[in-house]
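Visitor: Sequence:
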Amino acid sequence: MILFVLSAIHSTGQSSNATFRGLVTDQHGNPLDMVNIGLKDYPLGTSSNREGKFLLRIPADKEIVIIFSSLGYESVSDTINASAEENVYREITLNSTNLQLAEVVVTEQRRRSGNVTRLDPKFTGVMPDAATGGVEALIKTLPGVSSNNELSSQYTVRGGNFDENMVYVNDIEIYRPFLIRAGQQEGLSFINSDMVSTIEFSSGGFSAKYGDKMSSVLDIKYRKPSQFRGSASMSLLGATAHFEDVALKGKLSHISGIRYKTNRYMLGGLDEKGNYNPQFVDFQTYITYQFSEKFNISFLGNAAQNQYQFIPQTRKTTFGTWQNPLNTTIFFEGQEIDDFKTYLGALSANYHPNLNLNLKFSASAFKTSEKETYDILGQYYLNQLERNMSSEEFGDSILNLGVGSFLNHARNTLNAHVFSFSHRGAFNSENHLVNWGLKFQHEKFESKINEWIYRDSTGYSLPYSDSEVLLYYTLNSANKISSNRLTGFVQDTWSLPVSSGDLYLNGGVRFNYWDFNDELLISPRASVSFYPAWKHKMSFSLSAGMYHQSPFFKELKTRDGSINYNSKAQRSFQIVAGSDLLFTAWDRPFRFTTEAYYKWLSRLVPYQIDNVQIRYLADQEAKGYATGIDMKINGEFVSGVQSWASLSLLETKENIFNDGHGYIPRPTDQWVNFSLFFQDYLPGNPSWKMHLSGFYGARLPTGPPNSERYEDVFRMPPYRRIDLGFSKVLISAARPVKHNFLRHVNDMSLSLEVFNLLNIKNTISYFWVSSIYGDQFAVPNYLTDRKFNLKLTVKF
Numbered sequence: 028m029i030l031f032v033l034s035a036i037h038s039t040g041q042s043s044n045a046t047f048r049g050l051v052t053d054q055h056g057n058p059l060d061m062v063n064i065g066l067k068d069y070p071l072g073t074s075s076n077r078e079g080k081f082l083l084r085i086p087a088d089k090e091i092v093i094i095f096s097s098l099g100y101e102s103v104s105d106t107i108n109a110s111a112e113e114n115v116y117r118e119i120t121l122n123s124t125n126l127q128l129a130e131v132v133v134t135e136q137r138r139r140s141g142n143v144t145r146l147d148p149k150f151t152g153v154m155p156d157a158a159t160g161g162v163e164a165l166i167k168t169l170p171g172v173s174s175n176n177e178l179s180s181q182y183t184v185r186g187g188n189f190d191e192n193m194v195y196v197n198d199i200e201i202y203r204p205f206l207i208r209a210g211q212q213e214g215l216s217f218i219n220s221d222m223v224s225t226i227e228f229s230s231g232g233f234s235a236k237y238g239d240k241m242s243s244v245l246d247i248k249y250r251k252p253s254q255f256r257g258s259a260s261m262s263l264l265g266a267t268a269h270f271e272d273v274a275l276k277g278k279l280s281h282i283s284g285i286r287y288k289t290n291r292y293m294l295g296g297l298d299e300k301g302n303y304n305p306q307f308v309d310f311q312t313y314i315t316y317q318f319s320e321k322f323n324i325s326f327l328g329n330a331a332q333n334q335y336q337f338i339p340q341t342r343k344t345t346f347g348t349w350q351n352p353l354n355t356t357i358f359f360e361g362q363e364i365d366d367f368k369t370y371l372g373a374l375s376a377n378y379h380p381n382l383n384l385n386l387k388f389s390a391s392a393f394k395t396s397e398k399e400t401y402d403i404l405g406q407y408y409l410n411q412l413e414r415n416m417s418s419e420e421f422g423d424s425i426l427n428l429g430v431g432s433f434l435n436h437a438r439n440t441l442n443a444h445v446f447s448f449s450h451r452g453a454f455n456s457e458n459h460l461v462n463w464g465l466k467f468q469h470e471k472f473e474s475k476i477n478e479w480i481y482r483d484s485t486g487y488s489l490p491y492s493d494s495e496v497l498l499y500y501t502l503n504s505a506n507k508i509s510s511n512r513l514t515g516f517v518q519d520t521w522s523l524p525v526s527s528g529d530l531y532l533n534g535g536v537r538f539n540y541w542d543f544n545d546e547l548l549i550s551p552r553a554s555v556s557f558y559p560a561w562k563h564k565m566s567f568s569l570s571a572g573m574y575h576q577s578p579f580f581k582e583l584k585t586r587d588g589s590i591n592y593n594s595k596a597q598r599s600f601q602i603v604a605g606s607d608l609l610f611t612a613w614d615r616p617f618r619f620t621t622e623a624y625y626k627w628l629s630r631l632v633p634y635q636i637d638n639v640q641i642r643y644l645a646d647q648e649a650k651g652y653a654t655g656i657d658m659k660i661n662g663e664f665v666s667g668v669q670s671w672a673s674l675s676l677l678e679t680k681e682n683i684f685n686d687g688h689g690y691i692p693r694p695t696d697q698w699v700n701f702s703l704f705f706q707d708y709l710p711g712n713p714s715w716k717m718h719l720s721g722f723y724g725a726r727l728p729t730g731p732p733n734s735e736r737y738e739d740v741f742r743m744p745p746y747r748r749i750d751l752g753f754s755k756v757l758i759s760a761a762r763p764v765k766h767n768f769l770r771h772v773n774d775m776s777l778s779l780e781v782f783n784l785l786n787i788k789n790t791i792s793y794f795w796v797s798s799i800y801g802d803q804f805a806v807p808n809y810l811t812d813r814k815f816n817l818k819l820t821v822k823f
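In my numbering, the protein residues as written are 28 to 823.
Incorrect hints may appear among the rest.
Unchecked claim - Distance condition first, Cα-Cα at most 27 Å in a straight line; then the derived DSS-like pairs of lysine-lysine:
id	residue 1	residue 2
1	Lys564	Lys716
2	Lys248	Lys394
3	Lys471	Lys581
4	Lys89	Lys562
5	Lys562	Lys581
6	Lys466	Lys387
7	Lys368	Lys398
8	Lys387	Lys321
9	Lys67	Lys248
10	Lys581	Lys398
11	Lys755	Lys149
12	Lys248	Lys343
13	Lys387	Lys278
14	Lys394	Lys368
15	Lys394	Lys471
16	Lys475	Lys507
17	Lys716	Lys755
18	Lys475	Lys368
19	Lys822	Lys278
20	Lys581	Lys368
21	Lys387	Lys276
22	Lys368	Lys507
23	Lys248	Lys822
24	Lys343	Lys788
25	Lys562	Lys67
26	Lys387	Lys80
27	Lys387	Lys507
28	Lys818	Lys755
29	Lys595	Lys471
30	Lys475	Lys398
31	Lys595	Lys650
32	Lys80	Lys149
33	Lys67	Lys149
34	Lys581	Lys595
35	Lys475	Lys581
Unchecked claim - Quick list of simulated restraints, FRET-style, between CB atoms:
id	residue 1	residue 2	range
36	Asp402	Gly295	19 to 29 Å
37	Ile338	Ser666	44 to 54 Å
38	Ser526	Leu279	47 to 57 Å
39	Thr585	Ile338	27 to 37 Å
40	Tyr723	Thr341	28 to 38 Å
If you are wondering where the hints come from, they were derived from the structure by calculation, not from laboratory data.
From the three backbone atoms N, C-alpha and C, an ideal C-beta is built for every residue, glycine too.
All chains should be built: construct the whole structure from the sequences, respecting the hints.
Guide: Laid out in structure tokens, this is it:
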């Protein structure tokens with residue numbers, strides 16, 4: 028079975044094994060699928076299939092505790108001591124439970140698998156989040172991950188930028204639109220949390236099978252249904268629906284979802300007032316046909332359209348300090364219209380001739396068509412405010428510092444196609460699990476950029492001239508790129524029996540060839556994990572390796588819009604050391620995780636960030652480093668429900684060659700980052716629940732537009748935010764409703780969410796006002812204020 032090959036990565040290499048198989052049913056004898064089956068204190072596990080059956084290779088000649096768990100059912104444990112190559116069969120019955128919280132305990136008792144963390148996808152349904160929701164909201168609470176923009180699903184990891192994160196769905200790499208400038212344009216992320224089966228995330232030090240980017244990997248699997256199910260949700264921010272079913276005697280299965288999102292309600296709280304009309308919609312489907320027990324084919328499809336229209340009217344922003352309070356008022360004319368269409372189709376064939384071998388072949392096609400157009404005229408006043416609290420004019424304008432105007436214009440288009448053909452395989456023997464892969468990819472980009480800014484700042488046209496009218500900024504370019512890549516990897520995972528515990532090793536190598544710059548890259552990687560046989564359960568891990576990130580498209584573009592054909596891959600040598608401690612407090616399970624890392628960076632392409640837009644300086648090169656420590660504690664702070672807190676300390680700097688300024692902070696140099704996710708419920712009535720997420724991110728460096736990188740030494744205020752959610756379970760398996768209209772509903776809940784509970788004005792970027800005398804005023808662009816959201820979720 029495929030499940031065995033995929034789950035046995037850490038079981039291989041034991042001196043002797045046995046086979047454990049069986050059937051899982053509910054109290055009525057119905058088979059249960061996707062039941063978690065894990066070995067306590069061992070990094071082994073699998074799940075039951077649609078028929079409730081499972082198979083797992085387990086260590087022989089040892090007393091093994093196996094735990095069966097599923098959300099909504101009481102956990103069951105079984106103890107087995109099997110001899111070498113013995114076949115053990117069990118029939119397990121799970122009884123439904125009222126709390127629906129049993130799975131949490133099992134997850135926390137399992138060992139982490141190297142540098143990859145497995146997350147429970149059920150948390151995505153309860154995570155309060157203003158705009159993105161789902162998987163990305165969960166990822167943002169993890170150690171090493173930072174996000175200072177609740178309107179965006181993007182995040183940075185350990186000093187890297189947005190483009191250094193990989194996302195896979197069913198082994199297919201996912202791409203984002205390229206022209207997006209701000210979080211309010213971004214719309215839906217690719218991942219549909221209603222369809223997710225497993226979530227695995229690594230913030231660094233990952234193995235050779237996980238691609239060629241320098242920061243992180245998010246590995247998502249969509250589930251294969253076993254029966255008819257569905258869900259729907261509605262809120263002030265949009266609506267979602269999904270359904271799944273099987274046909275043809277179980278051979279054909281499909282799961283599909285449609286989502287609609289509009290953040291007009293959230294954007295209404297921005298300082299920039301006007302008519303916001305964002306419309307984001309997508310449809311996804313995952314279809315599988317099982318020809319036999321050994322062969323199946325699957326199709327993953329996605330079609331998305333993000334439309335953003337904005338007609339600004341006025342903006343009033345108060346900023347400055349107590350000693351020098353300022354205010355700006357801007358009157359607008361014009362509008363912005365953006366249209367981003369993306370499509371993805373992937374066809375895969377899986378063949379597993381026996382339990383030890385799995386072969387997968389995939390073909391995928393990605394297309395994006397993007398348009399960005401705007402003509403916006405703004406006329407503004409810059410005023411000083413009265414700061415004397417005893418004055419009747421306190422807070423009013425007392426001195427006009429200047430008036431100005433600007434005109435922003437853009438006609439930008441981008442069309443991109445990415446085609447790929449790949450093969451992945453896994454072979455499991457008594458002592459080794461070997462994974463390999465090979466991928467050919469063809470890329471084609473066509474881009475046209477025509478944008479300029481005219482600025483009459485505090486009475487003078489910038490740049491200043493007494494003889495002609497000059498533009499403050501202009502960019503006009505047209506580029507076409509067509510290229511091919513060939514990538515591959517091979518890695519081996521095995522265990523070494525030691526008398527004082529368990530030792531697991533992983534070693535592999537990647538290669539990457541790109542014909543655009545005729546560059547061949549070799550990336551060796553290795554890791555070791557040790558689980559000592561101590562009374563207090565601890566584990567230690569160490570990983571090291573090379574990570575080469577070839578330019579994709581944006582990294583090739585210089586400031587004047589031309590292409591740097593000599594650009595080479597950015598390089599990162601990483602070493603990560605970590606430890607895990609499992610302990611019990613208040614008779615409840617907890618885990619404390621720590622990872623320290625150092626990344627030496629070379630051949631870097633410097634960049635600047637404005638909101639979520641990254642502008643690369645492809646004609647420059649830098650070296651740098653990132654170092655820090657990440658800590659996380661999670662467990663049952665409240666009995667029966669899991670919560671966690673993460674703390675990260677980071678320093679990342681770079682030295683741009685020949686600029687004469689030495690090491691300077693990188694745009695992601697965020698010294699401290701803290702995140703929290705906390706759950707609670709009403710004692711005696713767990714149908715009333717509370718969910719809270721909190722974030723603190725230290726000040727990030729920034730600078731004036733069109734400046735040199737070494738000028739980006741001004742730091743924005745820290746990011747602080749708390750989101751709070753309350754929910755009431757109206758219908759559940761333990762609280763059924765016999766009304767004819769609701770008889771098919773398995774679960775119904777109503778949630779009230781409070782975004783930005785403390786109503787903190789967080790800054791995402793700046794509008795810079797300049798004078799002829801060289802004075803510059805940074806007018807902050809604030810994020811969303813406090814908002815309330817009502818959400819109804821139904822599952823059937």
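Visitor: Honestly, which of those hints from before does the structure not fit?
Guide: Hints 1, 5, 12 and 27 are the ones this structure does not satisfy, whereas the remaining hints hold.
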